[in-house]
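*Asks:* Here is what each chain is made of, one letter per residue.
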Amino acid sequence: MKSVFLKIAASAVLAAGLAGSAAASECIAPANPGGGWDFTCRQVGKAMQDLKLVDGTVQVTNLAGGGGGVAFAEVVNKRNDDNDLIVAASSATATRLAQGAYPGNTMDQVRWLASVGADYGVIAVAKDSPIRTLPELMDRIKADPASVSVAGGSAVGGWDHLKVLLAAKKAGVDDVRKIKYVAFDGGGEAVTQLLAGSVQAFTGDASEAKGFVDSGDIRVIAVLAPERLEGDFAAFPTAKEQGIDVIGANWRGFYAPGGMSDAAYDAWVEKIGAVYDSAEWKSVMASNGLASLNLRGKAFQDFVAGSIRSIQDLSREIGIVQ
Amino acid sequence: MDVLSSLGDGFTIAITWQNLGLAFVGCFLGTIIGALPGLGPSNGVAILIPLAFTLGLPATPALILLTSVYYGAMYGGRISSILLNIPGDEPAMMTTLDGHPMALKGQAGEALAISGLASFVGSFFATWGLVFLAPQLVKVALLFGPAEYFALFALAFATLGGLASRNQAKAALAATFGLAIAMIGVDGQTGVPRLSFGEVHLYDGIDFLVAIVGLFALSEVFVFLEHRKPGEDGAPRPALGRVIPPAGMVRSCLGAMSRSTVVGFIAGVLPGAGASLGSFLAYGLEKKIAGNAETFGSGDPRGVAAPEAGNNAAAGGALVPMLALGVPGSGTTAVLLAMLLALNITPGPLLFAKNPDVVWGLIAALFIANVMLLLMNIPLVGLFVRVLMVPTRYLMPTVAMVSFVGIYGISGSTFDLMVMIVFGVIGWVLRKMDVPLVPVILGILLGNQMEVNLRRELTISNGDWTALVHSPLAIALWLVAVAGFLAPLLVGRYLRPRSASPIADEANSGD
Numbered sequence: 001m002k003s004v005f006l007k008i009a010a011s012a013v014l015a016a017g018l019a020g021s022a023a024a025s026e027c028i029a030p031a032n033p034g035g036g037w038d039f040t041c042r043q044v045g046k047a048m049q050d051l052k053l054v055d056g057t058v059q060v061t062n063l064a065g066g067g068g069g070v071a072f073a074e075v076v077n078k079r080n081d082d083n084d085l086i087v088a089a090s091s092a093t094a095t096r097l098a099q100g101a102y103p104g105n106t107m108d109q110v111r112w113l114a115s116v117g118a119d120y121g122v123i124a125v126a127k128d129s130p131i132r133t134l135p136e137l138m139d140r141i142k143a144d145p146a147s148v149s150v151a152g153g154s155a156v157g158g159w160d161h162l163k164v165l166l167a168a169k170k171a172g173v174d175d176v177r178k179i180k181y182v183a184f185d186g187g188g189e190a191v192t193q194l195l196a197g198s199v200q201a202f203t204g205d206a207s208e209a210k211g212f213v214d215s216g217d218i219r220v221i222a223v224l225a226p227e228r229l230e231g232d233f234a235a236f237p238t239a240k241e242q243g244i245d246v247i248g249a250n251w252r253g254f255y256a257p258g259g260m261s262d263a264a265y266d267a268w269v270e271k272i273g274a275v276y277d278s279a280e281w282k283s284v285m286a287s288n289g290l291a292s293l294n295l296r297g298k299a300f301q302d303f304v305a306g307s308i309r310s311i312q313d314l315s316r317e318i319g320i321v322q
Numbered sequence: 001m002d003v004l005s006s007l008g009d010g011f012t013i014a015i016t017w018q019n020l021g022l023a024f025v026g027c028f029l030g031t032i033i034g035a036l037p038g039l040g041p042s043n044g045v046a047i048l049i050p051l052a053f054t055l056g057l058p059a060t061p062a063l064i065l066l067t068s069v070y071y072g073a074m075y076g077g078r079i080s081s082i083l084l085n086i087p088g089d090e091p092a093m094m095t096t097l098d099g100h101p102m103a104l105k106g107q108a109g110e111a112l113a114i115s116g117l118a119s120f121v122g123s124f125f126a127t128w129g130l131v132f133l134a135p136q137l138v139k140v141a142l143l144f145g146p147a148e149y150f151a152l153f154a155l156a157f158a159t160l161g162g163l164a165s166r167n168q169a170k171a172a173l174a175a176t177f178g179l180a181i182a183m184i185g186v187d188g189q190t191g192v193p194r195l196s197f198g199e200v201h202l203y204d205g206i207d208f209l210v211a212i213v214g215l216f217a218l219s220e221v222f223v224f225l226e227h228r229k230p231g232e233d234g235a236p237r238p239a240l241g242r243v244i245p246p247a248g249m250v251r252s253c254l255g256a257m258s259r260s261t262v263v264g265f266i267a268g269v270l271p272g273a274g275a276s277l278g279s280f281l282a283y284g285l286e287k288k289i290a291g292n293a294e295t296f297g298s299g300d301p302r303g304v305a306a307p308e309a310g311n312n313a314a315a316g317g318a319l320v321p322m323l324a325l326g327v328p329g330s331g332t333t334a335v336l337l338a339m340l341l342a343l344n345i346t347p348g349p350l351l352f353a354k355n356p357d358v359v360w361g362l363i364a365a366l367f368i369a370n371v372m373l374l375l376m377n378i379p380l381v382g383l384f385v386r387v388l389m390v391p392t393r394y395l396m397p398t399v400a401m402v403s404f405v406g407i408y409g410i411s412g413s414t415f416d417l418m419v420m421i422v423f424g425v426i427g428w429v430l431r432k433m434d435v436p437l438v439p440v441i442l443g444i445l446l447g448n449q450m451e452v453n454l455r456r457e458l459t460i461s462n463g464d465w466t467a468l469v470h471s472p473l474a475i476a477l478w479l480v481a482v483a484g485f486l487a488p489l490l491v492g493r494y495l496r497p498r499s500a501s502p503i504a505d506e507a508n509s510g511d
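Each protein sequence line maps, in turn, to chains A and B. Per full-length UniProt numbering, the very first residue in the first sequence carries number 1; after that it's consecutive. Per full-length UniProt numbering, the very first residue in the second sequence carries number 1; after that it's consecutive.
Note that these hints are calculated values from the structure, not bench results. Possibly wrong hints are sitting among the right ones.
Said to hold, decoys possible - Straight-line alpha carbon distances no greater than 30 Å define the calculated DSS-like cross-link-like pairs of lysine-lysine that follow: (1) A/K180 to B/K139; (2) A/K127 to B/K288; (3) A/K127 to B/K105; (4) A/K282 to A/K78; (5) B/K354 to A/K282; (6) A/K46 to B/K139.
Said to hold, decoys possible - Residues of chain B clear of chain A, computed beta-carbon distances all greater than 10 Å: (7) Q168; (8) A172; (9) F222; (10) D357; (11) I426.
Using N, Cα and C, we set each Cβ at its ideal position, and we do this for glycine too.
Could you build the full structure based on these sequences and the hints that come with them?
*Replies:* This is the structure:
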């Protein structure tokens, strides 16, 4: 009997810890605990508490499903007027909105608040690869697309895939559909296959590649950032330096319900901005491999709209969107 | 003996009152989380990450807490498998096959004690493997490209027949059903949703936890509802059995434990294979070795020892690629990896050189957690078996409640609850038709991996199927798969007439 009660007690405690009561402010992480969105919510929520930007706590709710689509629909349909709610988002959110992967939902249904940083894309090869620069890789693809397999951690049509296609377009590859992209479960698995020699190139985020860059197992041939990154990555050239003007930022940020009042919207933009400016956040960014991307309010809204447009065009071209 | 002195340093880091206390709390919570259907190691660890942050723990104590939860959950998963025929988490699924029949035969105590011991053996030696072999094992992981993974998963499916059921056709049917469910969701290789009917909830596919809890736990509740009669308290309660298993039983399981440890550890080291495959292959191997396959599935202690040693060894093995490559070998290590990154530790080839205090402190903590779990689990067997004393009319509503709370707690989605109920009904129908449930789950768990690896290889090779057998390792795996598929068909014909008498002997001398 005792252990049954124990179980009930334990599950009650766990349930309370997960669902919680109606706290003053809430952050929805549209994925299971442990993922990137979950961390965005928890880290920003904690920083807001520590900086006393909110009364009480920021309650993190996990609402997983549909690659964020379940949470998006929930916010649009049921929580549209909630002034105390923010939702974690990233490039993946924009990609899926652009490709219609949230059926019936568009970016205009919510208000985009601010970004809290970006993980810039990298293209890398194994350390003993004959390919040394991004133009060299692109020349190989132009000459014989079947000879180069590119591995990444996202699905086909996902951000890791699109980054390579964007670079290839800028480099003058005519038919980007010919590029062989192999999807793996996360950047780590993709890098492993690069080391194993199954594929010739890797596309991913700087943070995913960091451990292998430090050990010298892989060579980054291009960073898809406006200028060189700081720290260990400073040695690697940007794509722009090599004449291929492409930027691929996996940004992290937040959106809010579409019916949020202007006053509440401005207050949230200000709070997230204050977190971004704090010294604490700088150290969180450093430890999570986030580079600076500081866009707030209207500027962020325009940025998201612009990136959705370009993803849409590209997706149409490769046939993911009709 | 550099390694041993590093390990000694690790113990000096790990052995403080605070760390021991955290390990104890972690082991205890982990065991409970593992035993609760639905909540497995990965959710358990994920749920406790905020706690570690709130307590403001530095890297090493935080990792000690979370890995104790991880190992604890791997131990705890067996408890509900054996007592209730409901796997507490997905790797414990194979333990239901022989564990629950043992409980029904009145050997619940022995089954729990043997499986506890097997868990200890598996994780203890896997942790040693982690100490000595981590750098070498990374090279093994690098031998596995998509072609080799595909061969490995094909091997798992080839040996599926007859593993979970007497009726191979029904097992095959169940596995096919599982494979079909695995197809639901956005296809990563083309980005196109399949079998999702425009329903956004289905884009991520069916979470196998939802399927497991529905198929096993809820269907159990439905079966109970169906047979309920007023005033009656279900079937007569089976005896609890002894808490200390007879020495002969332990001895008969030692071979199974040691072989399963090796199999499980290797499965754990391979990213993407993980504990479920480890316990599955371990069980399959033991069943093959026993030859006299009829006792397996009806309460053979070796059938309890093998999957438990296998899945706990896999838990240790999964830490190898996580620490040395930064590549998670299982769902739980994926969560641990996220935690490491948040603590400003970059797992990868340089971790052992750059953060030796963290690595060796963690490994020392694993040993401590292991001993603690053994000491905690064996005496508690007496307490656990009392679950069987709880009248079914109280137990079943509790099972239903825990299932709903557990699933809702993970995803916060009412849709998942609906899916779980659907799976409960499906499970009830399948049980009525005597179709085994384990192959369904294996289909869901392994089907996706098998498919994506086939398609990755074909993409890389430009559609050339011969690439599937391009390496000696792939060829070897295929040969084992073919042998594993054909052996029961050929050998079974020989053994069947003769195997009748040993079973009778076994049944008489079994207790």
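*Asks:* Each hint should be assessed against the structure and marked as holding or not.
*Replies:* Status of each hint after checking the structure:
{"no.": "1", "hint": "A/K180 to B/K139", "in the structure": "holds (26 Å)"}
{"no.": "2", "hint": "A/K127 to B/K288", "in the structure": "violated (44 Å)"}
{"no.": "3", "hint": "A/K127 to B/K105", "in the structure": "violated (59 Å)"}
{"no.": "4", "hint": "A/K282 to A/K78", "in the structure": "violated (35 Å)"}
{"no.": "5", "hint": "B/K354 to A/K282", "in the structure": "holds (22 Å)"}
{"no.": "6", "hint": "A/K46 to B/K139", "in the structure": "violated (40 Å)"}
{"no.": "7", "hint": "Q168", "in the structure": "holds (31 Å)"}
{"no.": "8", "hint": "A172", "in the structure": "holds (27 Å)"}
{"no.": "9", "hint": "F222", "in the structure": "holds (20 Å)"}
{"no.": "10", "hint": "D357", "in the structure": "holds (17 Å)"}
{"no.": "11", "hint": "I426", "in the structure": "holds (20 Å)"}
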